[in-house]
Amino acid sequence: MKTTPLIGLEVHVELEIKSKMFCGCPADHFGKAPNTQTCPVCLGLPGALPVPNKKAIESCLKIGLALNCSINRLSKFDRKQYFYPDLAKGYQISQYDQPFCSDGYVILDSGKRIGIERVHQEEDTGKLQHTALNGEKVTLVDFNRCGVPLVEIVSRPDMSSSTEAKEYLKKIHEIIRAIKVSSADMEKGQMRLEPTINVMIETESGTHYTPMVEVKNINSFNFATQAIDFEIKRQIEEFEKTGIKKTANNKTTRGYDSVKKITFLQRSKEEAKDYRYFPEPDIPPFIIEDDLIEKLRLDIPLLPDQEVAVLEKIGVNQKDAKILVSSENKVAIERIKGLANNSNVNIQKLSSLIVNGKIDVNRDVLAQYNTHTKIGTTDRGELEKIINKVIEENPQVVAEYKKGKTNVAGFFVGQAMKATSGTADPKTLSDLVVELLNK
Amino acid sequence: MKPLHELTISEVHEGYSNRDFTCVDLVQHFLNRIEKYNHKLNIYLALNKKALLEAAEADKEIVEKGITRPLLGIPFAVKDNFLTVGMETTASSSILKSYHPQYESTTTQRILNAGAIILGKTNMDSFAHGSSTETSDFGPTLNPWDTGRLPGGSSGGSAAAISAQLATVALGSETAGSIRQPAAWCGVTGLKPSYGRASRYGIIAMASSTDQPGPIARSVRDCAIVSEIIFGKDPYDATTSPTPVDIYESSLEKKDLKGIKIGLVKEYLLPSMRDDVKQLILDAAEKFRSLGATVEEVSLMNPKYAIGTYTVISRSEISSNLARFDGIRYGHTRDAFCPETKRRILLGTYTLSAGYYDAFYKKAEAVRTKMIDQFGELFKTYDAFIGAVSPGPALPLGATKNQPMFGEMEDILVEQSSIAGLTGVGLPCGFVDGLPIGLQITGAQLEESKVISIADCYQRNTDFQKFPNIEKTI
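Same order as they appear, the protein sequences are chains A and B. Here the first sequence is numbered in UniProt numbering, starting from 1 and rising by one per residue. Here the second sequence is numbered in UniProt numbering, starting from 1 and rising by one per residue.
Since the hints were made in silico from the structure, they are not lab data. Each hint should be verified, as a subset may be incorrect.
To be verified - Listed below are several chain B residues computed to face chain A (Cβ distance under 10 angstroms; list not exhaustive):
1) 81
2) 82
3) 204
4) 207
5) 332
Because the structure is a prediction, the values reported are computed rather than measured. Think of the CB as a built atom: it goes at the ideal place given N, C-alpha and C, for glycine as much as any other residue.
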């Protein structure tokens, strides 16, 4: 029996932007006093209407472009309808069949291509707080988060292990941060993960698929990894026991318990939701012009993988390049690039010193590099050659020295130091100069 | 001089300028009439307690600065689906009973900025779901021409307020017929703007893709004056058009209609229509000819298709728009929805459900596109088309009983234009059995000027804008 997990990921990213998706309220809700950042629009009061935030849409398009998506020239918002107390309008404004971006991909280090089905824009919901008031258990609603711009990135089920899933997630995380649309801080809930998992099982009787499971709202890469691994094992075991296969409507939704490290059933197929999507009549459709796409494309900086490639090209080894890029050590990267054309600097050596913490990039990098790569302390022969050359070229000064004018030794030290681009150890050098002049 | 309650906007302003009467006089006069007649007709649901105070301020402004604001001291009746700060707003539904809005609708804010005084909020079909004002949770409004009859709807209260002369002008809203049809049944003039011409912000939504606010008044001129104030781009409504609003006053007082081409829609003379109603429409066509216009018979899609199309689209949007009244907020549970509203939510939920969306909603949108195309063709040749607003005069109270499709049947002749987002004026064109009949003059999107011009010329050359003697009818 051969088993191949099929893993897809839905990633929600909260945009870091001044105002909410459809009103002027501040989008930064983290740690704010409940219900202090609301208005008729995000509270869904009668008669209130959404007006789309252009900046948010541009961020969504940028994410799409950074993930190699094609931008749909004609796009629109739709209403996704369901009941929940934190959903002020009784529907979420999202995108259904004409998302802003579709058909992109991310390439893993192995070269494997993970397809991205779509990148679409939507709004966040409010937050429920289960608490006690005067000894009575109550649920309170905080609408500060209601209407905060969200971008959903939906992958194809192209990953076949939790390791691949984690690498994919890290890449998405790095890209989001690199293009500066969000800091994607997992602890603040700015990036939320929902893996969908099932397993292809090949036996003598043929190929079978286990029922799909979506695991909701995970907020760490490690939890995602654990949940995926747990699900793969659980599904194979369940299949062996029951033989239940995937059908068009037996997808279930599970939660992840990070303490017990297990997933648990949240919603079964009987409760499958019909969101009754239909075009949002309060917002006219969008025609995305080529000019805008080109303008946004120019706004996108070098992406992490491209940055790694650039660093490799100038001599940084792949491992160090990845560390530098993923740690977002922008200063170090700039310093390394700045010294790329200095023939006296070995870039591989320099970057390795930086990565290993031997060089403080906020101080004089070249001086520190030279200190760490001094000639003379280790290679006396090389230094002798240089000094001898200076001596040969300056017979008059040598003569002066021989006459007893010993302070001219400093001239030879200076010339030799220059010839080593200042890399020689001064003490070793001056000792050698005196030694050779006296020969 | 005419009695105060019969005056138009210009006549009121003339009276203020000449110091014939003050704004306090006028507002007090209307409040007295409301006191006297409202309990019989059930037009106003709530009154503005500060109306006299505001009138006194208006008088002060008139004395100090003169009339510099276009609606200064003009008493308005406002349909109860416009959010008004300081006045209960219910859309005639029990689920919003005692609801006090936190913000002002763009439209009422605009008339207030122009100096208007809101007398009170008028009755309507609950959530605008109907064409009778009989689905109101607060009882039907009675037709001032005959209290045994309905005023039409959903802006029935606003139309009746003008007909019964309980305000100088009124605000209504139309999704498909809700301004023009009650205007027709109450014998007054109403203007339905093109979709996107006026802001919907702060109006309790019925069907978002066709809702529009508009004026109901004693004349096309008054409608034009109010329209100029309330129309135009609103940063709070993404569906409003950026096209600047015309100066409608310059479309008024045209000598004749020479060069104007009008289509008389063949299909709108329904086989089921009474001959005397048909005759009034043909008379109107003749009148247009005598005013110099060319009138030709034109053909459109059978209006019966509008019913299905409109029903599916509107119910779908309604089911979604009413989801926010989830029983958690606003103080009442969903039991408080009236049967008509529940029916509409159920139907809309069904038409949007998986497996039915393609068969209903998508198909309806396809028919809508066809209608828009057909109108586009028509307006290449014609400036406007005419027909009756409603198949007949006001129906008796109780006519909606066991008639879930009542509204759709009564609005059959205006639904197509609403679905296509056109603009139109509904105004009186005669009487049958002592009850007014309404004529629709419908134009292309954003061609309000043209429609106003044609309607004004017709109105000034006819004498159908009459008022019932309510002392007698009540």
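Quick rundown of the hints versus the structure:
Against a cut-off of 10 angstroms between C-beta atoms, the interface hint on residue 81(B) holds, since the closest Cβ of chain A lies about 8 angstroms away. Checking residue 82(B) against chain A by beta carbon gives a least distance of about 8 angstroms; that is within 10 angstroms, so the hint holds. Of the supplied interface hints, the one on residue 204(B) holds, with its beta-carbon coming within about 5 angstroms of a beta-carbon of chain A, less than 10 angstroms. At about 8 angstroms, the closest approach between the beta carbon of residue 207(B) and any beta carbon in chain A falls short of 10 angstroms, and the interface hint on this residue holds.
Here the hint on residue 332(B) is broken, as its CB sits about 13 angstroms from the closest CB of chain A, past 10 angstroms.
Consistency with the previously given hints fails for number 5 only.
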